[in-house]
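Chemist: The sequence shown begins at 0 in numbering that gives the first Met the number 0 and counts up by one.
Treat the hints as calculated values from the structure; they're not laboratory data. Please note that the accuracy of each hint is not assured.
Simulated DEER-style distance windows between Cβ atoms [stated by the list, open to error]:
1. N62 x T86: 35 to 45 Å
2. R20 x S74: 18 to 28 Å
3. N62 x R12: 15 to 25 Å
4. S6 x T39: 47 to 57 Å
5. K50 x R17: 23 to 33 Å
6. H65 x N38: 25 to 35 Å
7. N18 x D56: 20 to 30 Å
8. Q2 x T30: 38 to 48 Å
9. K9 x K68: 24 to 34 Å
Even for Gly, the Cβ is constructed at its ideal location relative to N, Cα and C.
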Amino acid sequence: MAQRHLSVEKRARQNITRNRRNRVIKSQIRTALKDVEANTDQAQTPKLATKAQSVLDRAARKNVIHKKKAARIKSQIMRKTSAAKKTETPA
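Using the sequences provided together with the hints, build the complete structure.
Modeler: As structure tokens, then:
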């Protein structure tokens with residue numbers, strides 16, 4: 000059997016650790032986005048949108064997602080929440 004380099008083994012360990020960490024962060028992103036989408040209470044919308052933006056910024060800072068992807072998703076959140084606000088308060 001061929002001998003493995005120590006650097007290869009270390010890199011494999013690092014990849015496993017990073018993969019676990021990234022999976023947790025991506026799960027937090029999906030949860031925050033689902034919370035904003037499923038929200039029906041108008042008073043909670045700004046809080047949930049702010050929380051989702053914070054989660055996206057944190058993920059972008061840690062290079063889990065690209066910073067422009069985070070900006071795009073934040074823009075989509077704000078467009079949806081402002082559109083929902085306009086449709087619910089015409090009276």
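Chemist: Next step is simple, just say for each hint if it's right about the structure.
Modeler: Evaluated hints:
1. Checked against the hint of 35 to 45 Å, the pair N62 and T86 passes, with Cβ atoms roughly 37 Å apart.
2. Evaluation of the 18 to 28 Å hint for R20 and S74 yields a pass: the beta carbon distance comes to about 26 Å.
3. Look at N62 against R12: about 19 Å separates their beta carbons, and that is inside 15 to 25 Å.
4. Distance hint check for S6 and T39: the Cβ-Cβ separation is about 53 Å, which falls inside the suggested range of 47 to 57 Å.
5. The hinted range of 23 to 33 Å is satisfied by K50 and R17, whose Cβ atoms lie roughly 24 Å apart.
6. The given range of 25 to 35 Å is respected by H65 and N38, whose C-beta atoms sit roughly 26 Å from each other.
7. Between N18 and D56 the C-beta distance comes to about 22 Å, which sits within the given range of 20 to 30 Å.
8. About 44 Å separates the C-beta atoms of Q2 and T30, a value consistent with the hinted range of 38 to 48 Å.
9. Our hint of 24 to 34 Å for K9 and K68 holds, since their Cβ atoms are close to 30 Å apart.
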